[in-house]
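Listed in order, the protein sequences are those of chains A and B. For the first sequence, the working numbering assigns the number 142 to the initial residue and increments by one for each residue that follows. For the second sequence, the working numbering assigns the number -9 to the initial residue and increments by one for each residue that follows.
Hints listed in this document are in silico derivations from the structure and should not be mistaken for laboratory results. Yeah, the Cβ is synthetic: ideal placement off N, Cα and C, and Gly gets one too. Possibly wrong hints are sitting among the right ones.
[Stated by the list, open to error] Some chain B residues flagged as far from chain A (calculated, every beta-carbon gap over 12 Å):
1. -8
2. -4
3. -2
4. 2
5. 5
6. 18
7. 22
8. 26
9. 29
10. 62
11. 87
[Stated by the list, open to error] Distance windows between CB atoms, simulated:
12. A:414 to B:26: 18 to 24 Å
13. A:162 to B:85: 46 to 52 Å
14. B:86 to A:448: 33 to 39 Å
15. A:320 to B:-5: 47 to 53 Å
16. B:-6 to A:335: 20 to 26 Å
17. B:87 to A:197: 42 to 48 Å
18. B:87 to A:243: 39 to 45 Å
19. B:-1 to A:165: 55 to 61 Å
20. B:75 to A:292: 32 to 38 Å
21. B:17 to A:412: 15 to 21 Å
22. A:157 to B:15: 57 to 63 Å
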Amino acid sequence: MSANGFVHEALFYEDADRFLSGTVPFVEEGLAAGEPVLVAVPEANLDLLRAGLSTTADHVRFADMTQAGRNPGRIIPWVLYAFLAEHPNERVRIIGEPIWAGRSPVEYPACVQHEALINVAFDGSGATILCPYDARRLPPDVLIDAEATHPVLVSGDTRKASDGYQDPHAVVAAFNAPLPGPPAPAATLVFSGDQLRSVRSFAIEHARYAGLAKDRLIDLEMAVNEVATNAVAHSPGPGTIRAWSERDAFVCEISDPGSFTNPLAGRIPPPAGSGRGRGLLLVNHVCDLVRLYTSGLGTTIRLHLNR
Amino acid sequence: MRAVPLSDRCGLRLIGEVDLSTWAVLEAELTPVLESGEDVHLELTELRFIDARGATILAMAAQRLDGARRLVLHNPPVVLTRLLDVLWPDAPIETARS
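In isolation and in its complexed conformation, chain A is listed as follows (with noise of 0.2 Å):
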């Protein structure tokens, strides 16, 4: 426990049994402590805590993170954060775990930035973060990540300092890497400032004729659109968007020469009265996905909409 009294521990489970003798008690106290709680888990874990739990469950707030957080990017602004901010000046207790086994390769990097930008984005708050992580079922480099990203490791009966936890910002540098290219040529336009409908309507074209649901279409127009606005705003311009069709989802990626230099952009709500800052906000609200590259050379970011 760092003295700001904000925690950040992973729990290491085997089996179900130790997941419930992980997570009830941590459950228990918080309560107890008259502490508002939150469980954000896959919906299998939600089961067995409900049950775990019996009657103290309906003081629980659950929700199901392949859902609130299949974006990585989702968890900290609309789940956690937004949990905090309901209840401020106290103590808040969360079980979040935002790594299952079948998260993609594609999504992995991105939940490994997330779970360091837990410790940035909560530092000095009074929020104890209980993150499980599956040991039997996650590959060993998954769990070395995660005592990357914990100070604190919890398996079985011990909890202790995780030795190979790594500086926040050092783990978001060594998890950017270049995107992996489209599956095929990709649709491709030049755009600058006074163009933003021509990107709009290119991301609605491509997205129906891949047959992205109708009801995703807003979505999607109003994710490219802050995208790319933040694209010829913050950057010399100009901006490129590509998209293209993956298996499972539509596409699209913006790019533009600048430089990406505050990793919680997106994650953190700006003020109440500030007029600015909400873009990304929402761009991680409604994506399935946002994967984000930069560089010296720009930065890239690439929306997943699940068809």
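Given the coordinates of chain A, work out where chain B should sit on it, guided by the hints.
Structure of chain B alone, referenced to chain A:
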């Protein structure tokens, strides 16, 4: 985007799209109607797109009315409804459909 004053009450008909290139137009057009001292009506049937910053300009305009007057959006496009639901769920904005 362009704005046309409503003939029958205080407010504007917004036509076109609000994005980076038209934020300033929206803010400039709203200023006099916000200072009118009356409820403010925005007719949005012909608003084809609006972005997060545009929705934020409307939400902050509503907050400036301070509960004494109303901001009413008439026939807002789906994109605006979605933006306000996500980013400004508590903004004191009324919606009317006709």
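For each hint, the structure was consulted:
1. -8: holds (14 Å)
2. -4: Nearest chain A Cβ is 25 Å from residue -4 (chain B), so the label holds.
3. -2: holds (30 Å)
4. 2: Consistent with the label, residue 2 (chain B) stays out of reach of chain A, its closest Cβ about 19 Å off (over 12 Å).
5. 5: Its Cβ never comes within 12 Å of chain A, the nearest being 14 Å, so this holds.
6. 18: holds (14 Å)
7. 22: holds (19 Å)
8. 26: Since the minimum Cβ distance to chain A is about 21 Å, residue 26 (chain B) lies beyond 12 Å and the statement holds.
9. 29: holds (23 Å)
10. 62: Non-interface label on residue 62 (chain B) holds, nearest chain A Cβ at 21 Å vs cutoff 12 Å.
11. 87: holds (17 Å)
12. A:414 to B:26: 18 to 24 Å: Because 23 Å falls inside the window, the suggested range holds.
13. A:162 to B:85: 46 to 52 Å: Cβ of residue 162 (chain A) to Cβ of residue 85 (chain B): about 50 Å, so the range 46 to 52 Å holds.
14. B:86 to A:448: 33 to 39 Å: This hint holds: roughly 35 Å between Cβ atoms.
15. A:320 to B:-5: 47 to 53 Å: Holds, at about 48 Å.
16. B:-6 to A:335: 20 to 26 Å: At roughly 23 Å between Cβ atoms, residue 335 (chain A) and residue -6 (chain B) fall inside 20 to 26 Å, so the hint holds.
17. B:87 to A:197: 42 to 48 Å: For residue 197 (chain A) against residue 87 (chain B), whose Cβ atoms are near 44 Å apart, the range 42 to 48 Å holds.
18. B:87 to A:243: 39 to 45 Å: Holds: the Cβ-Cβ distance is about 42 Å, inside 39 to 45 Å.
19. B:-1 to A:165: 55 to 61 Å: Holds, at about 59 Å.
20. B:75 to A:292: 32 to 38 Å: The hinted range 32 to 38 Å holds for residue 75 (chain B) and residue 292 (chain A), with Cβ atoms some 36 Å apart.
21. B:17 to A:412: 15 to 21 Å: holds (19 Å)
22. A:157 to B:15: 57 to 63 Å: Given a distance of about 59 Å, which is inside 57 to 63 Å, the answer is holds.
Checked against the numbered hints given earlier, the structure satisfies every one of them.
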